[in-house]
Structure formats: C-alpha cells, structure tokens
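Q: If you want the building blocks of each chain, they are given just below.
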Amino acid sequence: MGVARVSFPLTALFAAAFAVREAMEYLHYTLENGSDVSLGATLAEKILSRKAGFDVHPGDIVVVDVDWAYAQDGTAPLTIRELMGLGLPGVARPDRTIFFIDHASPSPRQELSNDHLFIRRFAAQTRSRLHDVGEGICHQLAAEKYVRPWDVVIGADSHTCMGGALGAFATGMGSTDVAVGMGLGKTWLRVPETIGVRLVGDFPQPVAGKPPYVTAKDLVLHLIGRLGADGAAYQALEFHGAGLGSLGMPERLTIANMAVEAGAKVGLFPADEVTREFLREHGREGDWQPLAVDPEARYARLVEIDLGQLEPVVARPHTVDNVAPVRELKEVRVNQIFLGSCTNGRLEDLAIAAAILQGRRVAPGVRLVVGPASRKILLEAMARGYIQTLVEAGAAVISPGCGPCVGVHAGILGDGEVSLNTSNRNFQGRMGNPKGEIYLASPAVAAASAVTGRITDPRELEVAG
Amino acid sequence: MILEGRVWKFGDGITTDHIAPGRLYHLRSNLPELARHVLEDADPTFAAKVRPGDFIVAGSNFGQGSSREHAPRIIKLAGVGAVLAQSFARIFFRNAINVGLPVLTCDTSRIQEGDLLRVDLGAGLVYDITQGFELTAGRMPEVMIRILQDGGLVEHIKKHGGLQLTP
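Residue numbers (our numbering), protein chains in the order written: chain E, 1 to 465; chain P, 466 to 632.
None of these hints come from the bench; they were simulated from the model.
None of the values given here were measured: they were computed from a predicted structure.
The reader is advised that the hints may include incorrect statements.
Stated by the list, open to error - Derived pair list, reagent style DSSO-like, types lysine-lysine, alpha-carbon separation capped at 27 Å:
1) P/K474 to P/K514
2) P/K474 to E/K435
3) P/K541 to P/K474
4) E/K210 to E/K145
5) P/K624 to E/K186
6) P/K514 to P/K624
7) E/K210 to E/K376
8) P/K623 to E/K435
9) E/K186 to P/K474
10) P/K541 to P/K624
11) E/K376 to E/K145
12) E/K330 to E/K186
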C-alpha cells in the first residue's frame with residue numbers, strides 16, 4: 001500500500017502546507033507518544049489501527065477493545081437476555097457498560113415499566129452504569145459524560161454514530177452484538193471505506209440581532225439528499241475542510257447523528273480545539289487527545305459542500321433523502337411540531353427557536369412539543385429563559401427523552417396528521433401511526449412553522465415581520 | 466441447506482419501522498406476539514398470509530433505520546425461510562446473521578410475487594421454479610459465514626469462549 005511511517009520531516013512538511021495547527025498537534029502527539037498510525041489514513045483507519053495494534057485497511061476484519069458499550073430501554077432487555085445466555089460471568093467492564101432509560105421515559109405502559117425494572121435490576125447486579133427517567137437521551141449523555149476522541153463506542157441504537165462528532169469510532173449495532181461487546185469488552189468490525197466530505201465557506205450570515213436561519217441540520221439533510229439513503233452504506237463519512245471552523249460541537253453532533261441516514265457506519269470529525277473546548281465545558285478536558293485529518297488520506301469518494309450555498313431545507317415523507325428547499329414546497333399545513341431529540345434538542349437549538357418565538361404565539365390548531373435532549377440542557381434552557389419563552393408562546397415541554405421521535409408516547413399522530421420534526425427520521429409509522437406524515441427540518445424552520453401553521457422558511461417570517 | 470417456498474414481494478427501502486413499528490414498543494419483550502404484526506406497516510395482511518418457509522423478496526436497502534434486532538427476529542419467528550434483496554442496510558444484515566436469519570443479496574428485479582423459489586444457501590444459488598431462471602447471490606463475507614456456521618453469534622461465543630473471527 002506504500003504507507004509511510006510518521007517521521008519528523010515529512011510531518012513538518014504537511015504541517016506547513018496544510019491545516020497548520022491540527023498537523024502540529026498531531027506531530028506533537030506522535031512525538032510524545034510514539035505512533036502506530038500511518039500517514040495516508042482516514043480517521044476511521046487511524047482509530048481502528050491504534051485499537052488493532054497494526055495498520056488496518058478498508059475491508060480488514062478486526063477484533064478491537066470496546067471503550068463504551070450501551071443500550072437503551074427499547075433494546076436493553078434483549079441485550080441483557082442475550083448477555084445472560086452467553087455463559088460469561090457478567091459484563092467485562094461494568095464502569096464502561098451503560099444503560100439508558102430514555103425511549104419510553106417516563107413509561108407509558110405496564111409492559112415497558114416491567115422492562116425498566118428488568119434493566120434497573122440487571123444494572124444494579126452487574127454494577128453497570130444506569131441513567132434513568134429524566135436524565136436524557138443516551139447519545140446526548142454519552143457525548144456529555146463519556147465519549148472521548150479515539151474511543152470505540154458501540155450502542156444498541158442506530159444513532160450511536162453521534163459520538164463521531166467527538167472523534168470516536170461510534171456505531172450502532174443490534175442487541176446481540178452489544179451483548180457480546182458488554183460481555184467480552186470486545187467487538188468485531190469491518191474497516192470501512194471512507195467518503196470524505198469537504199466543507200468550504202461559511203453559513204449565510206444571520207441578520208443583525210437575529211438567530212441563524214441556515215444551520216447544521218440543513219447541511220446534513222442536503223448531504224443525505226445528495227448521497228441517498230444508502231449512498232454511504234457500509235462506509236464511514238469523514239468531515240473536513242475549512243468549513244469545519246463554522247461548526248461548533250452542537251452542530252457536529254447534529255451532523256454525525258444523521259450519518260446513519262445515508263447508511264453510514266460512522267460520521268467522523270477530527271478532534272480539535274472545538275472538541276477540547278466542549279470537553280472542558282463538561283469538566284473532562286483531560287479526555288482530550290488530538291485526532292487530525294490526514295491530507296494524504298485515501299477516500300472512496302469526495303463530496304464538497306459550500307456552506308454559503310446552503311438554504312433551509314426539509315426532508316419530505318417518508319424517506320430522509322427526499323429533500324427539498326422549503327421555498328419550493330407548496331403550502332403544507334402542520335398539526336404538530338416536535339422540537340427536540342438527540343439530533344436537535346440541544347441548548348443552541350432551543351435558543352434559535354426561542355429567539356424566533358419571542359413575542360409570538362404558536363398558530364391556533366398547532367401543537368408545539370419541546371423535548372430537550374438532556375436534563376443539563378433543560379436546566380440551562382430554564383436558566384436562560386428559553387423554556388419560559390417557548391411555554392409562553394404555547395409549547396408543551398416534555399421530559400428529556402425520545403418519546404415522540406420513536407412513536408412510543410408524547411406526540412403520536414392521528415390519521416392524516418402532519419408533523420414537522422427536528423429529529424432524524426420520517427419513515428412511515430415512525431410517530432406511532434402509519435397514516436401520519438412527517439417532515440424533518442431545522443429548529444429555525446420548526447419555530448417559523450409553529451408561528452404560521454404551515455412549513456415556513458424562517459427568512460420569510462422575517463420579511464413578514 | 467436447501468429451502469423451497471413462495472415469494473412475498475416488497476419494494477425498496479423497507480424500514481425496521483415497517484417491520485416492527487414503534488407503536489408496538491411494549492411488545493418487545495413478547496416476540497411471539499410482536500411477530501403477529503411483522504411488516505404490518507408495509508402490508509397489514511402479511512403476518513396472516515405468510516407460511517413457514519416462504520421468502521421475502523425485496524428491493525434495495527432492506528431493513529434501513531433503527532438497530533432493533535427485534536426486526537430480523539420476528540421475520541424469523543414468522544417462519545420466513547430467507548430474505549432476498551437487492552441490498553441490505555448494514556445493521557439489519559449483521560443482526561440477521563447474528564440471529565440466524567438467512568439473508569441473500571441478489572438481483573431480485575425479475576422475481577414476482579407468488580413465484581416458487583428454491584434457494585441453496587450453501588452455494589448461494591436461487592432458482593425461480595415458476596419462471597425457470599437461476600440467480601447467483603453475492604458471496605457473504607467470510608466472517609459472517611463463520612458466525613452462521615456456528616449457529617449465530619451467541620453460539621459462536623459459547624463454542625469458542627470469545628470472538629474467533631480472524632484467521
């Protein structure tokens with residue numbers, strides 16, 4: 001493969017020629033720690049090479065240590081049953097095994113309450129970690145508390161790929177795979193090919209004193225529309241380029257979260273100063289390690305996105321890749337808006353919605369359901385007055401969790417009803433009724449649409465005043 | 466292993482929400498009951514019609530969406546012999562192997578609903594008895610053949626005491 005080992009002069013050259021700081025950090029790191037990582041590797045290949053202990057290439061099968069293995073209340077009962085059937089003494093690393101009660105939370109049915117009891121009992125018996133009702137959505141809590149750059153993370157939930165925002169190889173698996181990961185502390189992976197997504201430019205600048213109307217959600221929906229729902233199947237997405245400077249951690253989390261909607265195994269970002277700052281804010285700066293994009297990495301395909309050319313878009317029913325600019329939609333009346341989820345239930349999302357809804361009211365006949373992604377976010381949104389603003393505008397705020405997004409409770413649609421969501425899936429039946437229709441969009445589009453009662457480009461609302 | 470059965474045809478992009486809808490979340494610890502609703506949101510009559518050994522034949526990206534392993538499990542519980550599709554979503558494919566549901570990737574476009582198929586799992590051959598043509602399925606990755614041969618991932622771990630997947 002002609003893979004060069006890291007050496008000082010070569011690395012210094014790259015540093016001069018390309019993203020200087022990232023490369024210098026990388027150099028510094030490799031000098032300090034020695035390196036088992038080749039140049040010419042994608043982020044996925046770098047992480048899996050270090051874990052495997054040798055240089056890996058796309059298509060290789062590797063067995064690697066798992067840093068975090070988790071399951072939520074929809075998948076954990078099956079995970080636990082499979083784990084108990086493995087004939088192993090328990091979980092390999094209790095402090096790295098995490099259970100979350102977030103999907104049917106608080107429980108709307110006795111069957112689910114009993115599942116929760118089963119999970120709580122098992123977590124206590126094995127001394128695993130447990131995050132119970134009200135704490136938040138698994139992927140958000142994983143980002144706040146656990147996931148570190150260079151980690152391998154497996155979760156029994158497809159949106160586990162959100163951890164890629166922190167520079168971790170984080171991927172969703174089924175209950176049995178996660179049971180094995182918990183029991184052995186190891187999993188097997190096929191090293192994926194990588195699609196490079198080069199981001200250039202900057203989002204259109206907000207009007208003075210107004211929130212941004214074009215955001216990361218528009219970027220990722222645009223990307224999925226271009227790639228198609230299986231356009232990145234069995235592959236990794238890797239985000240790089242100067243446009244990264246426009247993306248804070250909340251935006252990166254939104255983008256990485258939806259990598260699976262293009263079929264990808266993981267959506268990886270480098271670990272840079274943005275990552276370091278996020279970890280510092282969450283009291284774990286010590287978890288930071290640089291993970292730099294390699295200018296010589298080999299990609300299966302390169303896609304370029306100019307952030308300056310993006311505009312507010314939606315995904316129309318019933319597929320996430322059915323993407324169109326909001327301005328091209330014929331009038332679409334909505335019955336419900338769901339502002340929340342692991343995709344867009346963060347503080348910055350609530351801030352945008354509150355700014356748009358400040359001094360306005362939710363349109364008559366429209367229900368606005370707000371679901372913050374974690375308790376920490378809810379508390380901060382309360383302290384900053386966002387929740388006050390949203391509730392005064394007519395919103396119904398629910399406990400941090402997944403409810404409406406997965407169609408379990410707290411926002412199930414009636415026959416023929418239309419919901420506009422900031423979440424990640426609009427599949428038929430997703431919100432608990434196959435006769436419902438779901439559109440996906442950004443918090444800005446969601447808030448503007450809540451005001452008008454029809455899917456609305458937030459820029460239009462501004463013109464109308 | 467050779468299977469014979471009738472075809473139930475589905476289109477592209479069948480999701481795990483079609484197969485195991487979220488509104489039946491409370492049945493996830495009651496798989497036999499959940500299996501009575503298998504694929505309900507793609508074809509509400511499917512669970513009542515399907516007979517042991519029948520095949521699901523679908524288009525591209527079968528099983529996209531959620532990681533819920535309940536989806537391949539209830540397809541298997543409903544008696545389906547194998548799923549044949551143009552392509553599979555990654556997590557579904559891995560789950561299917563882990564739980565011992567045969568999945569074959571092949572050009573399904575000519576197969577019609579109601580056709581009688583004979584599927585040779587070992588050789589990866591699909592013979593459409595009704596129409597009289599043969600298809601070759603894509604070869605499964607070696608690692609998955611090992612898991613299938615051991616009877617699924619749990620049996621593999623029990624047999625080897627760990628993951629014995631790399632040569």
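Q: For each hint, tell me whether it holds in the structure or not.
A: Status of the hints after comparison with the structure:
As the CA atoms of P/K474 and P/K514 are separated by approximately 12 Å, the hinted pair is consistent with the 27 Å bound. A distance of roughly 22 Å separates the Cα atoms of P/K474 and E/K435; the hinted pair therefore holds under the 27 Å criterion. Under the criterion of a C-alpha separation no larger than 27 Å, the hint pairing P/K541 with P/K474 is consistent with the structure, at around 16 Å. The hinted pair formed by E/K210 and E/K145 fails the criterion: a straight-line CA distance of about 32 Å is larger than 27 Å.
Proximity of P/K624 to E/K186 is assessed by CA-CA distance (about 16 Å); at most 27 Å being required, the pair is judged to hold. Simply put, P/K514 and P/K624 have alpha-carbon atoms about 37 Å apart, too far for the 27 Å limit, and the pair is violated. The straight-line distance between the Cα atoms of E/K210 and E/K376 is roughly 25 Å, inside the 27 Å bound, and the hint therefore holds. With a C-alpha separation of about 44 Å, the suggested pair P/K623 and E/K435 falls outside the 27 Å cut-off, and the hint is violated.
Straight-line distance between C-alpha atoms of E/K186 and P/K474 comes to about 38 Å, which puts the hinted pair past the 27 Å bound. Note on P/K541 and P/K624: the hinted pairing holds, with a Cα-Cα distance of about 23 Å set against a maximum of 27 Å. Between E/K376 and E/K145 the alpha-carbon distance is near 11 Å, which keeps this suggested pair within the 27 Å criterion. A hinted pair counts as satisfied when its Cα atoms are at most 27 Å apart, and E/K330 with E/K186 does not qualify at roughly 51 Å.
Hint compliance for this structure: hints 4, 6, 8, 9 and 12 are not met, and every other hint is.
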